[in-house]
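S.K.: Protein chains in written order, with this note's numbering: chain X, 1 to 152; chain A, 1 to 152; chain W, 1 to 83; chain V, 1 to 83.
No wet-lab data here; the hints were simulated from the structure. Remember, predicted model here, so these are calculated numbers, not experimental data. Warning: the hint list may mix true and false statements.
Below, in silico cross-link-like pairs of lysine to any residue (SDA-like), each with a Cα-Cα straight-line distance of 25 Å or less [to be verified]:
no.: 1; chain 1: X; residue 1: 149; chain 2: A; residue 2: 151
no.: 2; chain 1: A; residue 1: 149; chain 2: A; residue 2: 132
no.: 3; chain 1: A; residue 1: 143; chain 2: A; residue 2: 130
no.: 4; chain 1: A; residue 1: 143; chain 2: X; residue 2: 106
no.: 5; chain 1: X; residue 1: 143; chain 2: A; residue 2: 106
no.: 6; chain 1: X; residue 1: 149; chain 2: X; residue 2: 133
no.: 7; chain 1: X; residue 1: 149; chain 2: A; residue 2: 150
no.: 8; chain 1: A; residue 1: 149; chain 2: A; residue 2: 122
no.: 9; chain 1: A; residue 1: 143; chain 2: A; residue 2: 129
no.: 10; chain 1: X; residue 1: 149; chain 2: W; residue 2: 54
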Amino acid sequence: MATVETLLLPQALDGQTLYRRFVEANRGAGAIVTFSGRVRGETADGAVSHLWLDWYPGMTEQSLTDIAEAAAARFDVLALLVAHRCGEVQAEDEIVFVAAASSHRRAAFEAADYLMDRLKSEAALWKREIGEGFARWVEPTAKDADDLKRWT
Amino acid sequence: MATVETLLLPQALDGQTLYRRFVEANRGAGAIVTFSGRVRGETADGAVSHLWLDWYPGMTEQSLTDIAEAAAARFDVLALLVAHRCGEVQAEDEIVFVAAASSHRRAAFEAADYLMDRLKSEAALWKREIGEGFARWVEPTAKDADDLKRWT
Amino acid sequence: MQITVLFFGKVADTLGERQRVLDFADTDMSLFTLRQSVLGTAFASGALSRERVLMSVNQGLTQEDRSLQAGDEVAFFPVFSGG
Amino acid sequence: MQITVLFFGKVADTLGERQRVLDFADTDMSLFTLRQSVLGTAFASGALSRERVLMSVNQGLTQEDRSLQAGDEVAFFPVFSGG
Chain X
1 MATVETLLLP
11 QALDGQTLYR
21 RFVEANRGAG
31 AIVTFSGRVR
41 GETADGAVSH
51 LWLDWYPGMT
61 EQSLTDIAEA
71 AAARFDVLAL
81 LVAHRCGEVQ
91 AEDEIVFVAA
101 ASSHRRAAFE
111 AADYLMDRLK
121 SEAALWKREI
131 GEGFARWVEP
141 TAKDADDLKR
151 WT
Chain A
1 MATVETLLLP
11 QALDGQTLYR
21 RFVEANRGAG
31 AIVTFSGRVR
41 GETADGAVSH
51 LWLDWYPGMT
61 EQSLTDIAEA
71 AAARFDVLAL
81 LVAHRCGEVQ
91 AEDEIVFVAA
101 ASSHRRAAFE
111 AADYLMDRLK
121 SEAALWKREI
131 GEGFARWVEP
141 TAKDADDLKR
151 WT
Chain W
1 MQITVLFFGK
11 VADTLGERQR
21 VLDFADTDMS
31 LFTLRQSVLG
41 TAFASGALSR
51 ERVLMSVNQG
61 LTQEDRSLQA
71 GDEVAFFPVF
81 SGG
Chain V
1 MQITVLFFGK
11 VADTLGERQR
21 VLDFADTDMS
31 LFTLRQSVLG
41 TAFASGALSR
51 ERVLMSVNQG
61 LTQEDRSLQA
71 GDEVAFFPVF
81 SGG
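Same shape as in the complex, but just chain X:
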């Protein structure tokens, strides 16, 4: 049974510390894949200064857990870590960090890729982009829906 950890963080997400911790805890795994995502400072609407990620305490944590447990059941992994920000996130700050440890490199890649595709569409979060002179709620794109279909 894989070790699954999920973190919903209203404060800073420090991927470097999470990376170190995950690697130390999984020295017996042959393969570790990680993904780190940052808020992009540029969008079609102009420069973004920060995001507001609205969340539903309890339900949002559960959505991260559900996604991570689905990945653990689907892929031959030893450990998974999902850390996601909520609240106010500045441009260039880390918004998500995912790690997968496995004996097999393909399973580690696929688990991390799957986690990201599902998080982008199914994490119980509501994203608002705030920039110079604009602010808008963001909905998942057609691309996000296509990414998700890769796994069905």
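With chain X fixed as given, assemble chains A, W and V onto it according to the hints.
M.R.: Frame of chain X, contents of chains A, W and V only:
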């Protein structure tokens, strides 16, 4: 043009330091994917104490550079890092670390995945597994060849 | 019966509130009726679209025919946007 | 002419050496001839298989019909095994 760095290391490979350095250098990238591989202590032949990775000074470095540059040309990435051990590598030590930074998560995943598939078959290294009562030169498996075909 | 209603994302923004505690004399009520009572004006004005508002009861996604009980926590929010 | 010959991996192991510097009177020589001179015995005994030994000249992979020049660095090694 993507920033490409390759390292062939006869001494310890410290993935945590490489991770930190790569992340700091690519804070503007929206997506970073990394792969860390360690020597597995168990094989079909029994417990492995260490590997000997024979290498051809000059040619081996060039093979890493060729693979990394092919990845940079093929995927929409901002930066790539490939670090590979050579010489004696103990069980559970890191043998390879790969990182890809991109504005797009799919490109970052694909570049790292591609780098690993090519490194497993085309890095100019010759691997010998040494354990209790056995030692053998390892050749690429049919699985490695199949992995490589994914990209053709 | 008392029902706590929560709002998130654009729904909270549109209503200008995040939480409302309601007390109904009626103890036999569907989520459909509650939604109409709380969001009917926003639907009518076009500020929100009925099709784009999801619902949960006690943190589980559900549909409008769900019947409510005293103490339920109901939430209205848009489709998730992930990270 | 002088040719440096390097061996790696199982080829080095089988020969029990990693480097040999050879001096040939003949200045018109193919890689095929050099390989026969250096690895012929190992091929004949079955210790190495001709099909599984790759060749490079000055660090570029090449074929047996390649002709050699004074100062060339030739190497014989098995297929790469990666990491």
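S.K.: Compare the structure with each hint and give your call.
M.R.: Verification of the hints:
1. 149(X) with 151(A): holds (21 Å)
2. 149(A) with 132(A): violated (35 Å)
3. 143(A) with 130(A): holds (22 Å)
4. 143(A) with 106(X): Given pair residue 143(A), residue 106(X) holds - Cα atoms ~11 Å apart, limit 25 Å.
5. 143(X) with 106(A): Satisfied, since the Cα-Cα distance of roughly 11 Å is no more than 25 Å.
6. 149(X) with 133(X): Given that 25 Å is the threshold and the Cα spacing comes to 35 Å, the pair is violated.
7. 149(X) with 150(A): Holds - the C-alpha atoms of residue 150(A) and residue 149(X) are around 20 Å apart, at most 25 Å.
8. 149(A) with 122(A): holds (13 Å)
9. 143(A) with 129(A): holds (18 Å)
10. 149(X) with 54(W): holds (21 Å)
This entry does not satisfy hints 2, 6, going by the numbered hints stated previously.
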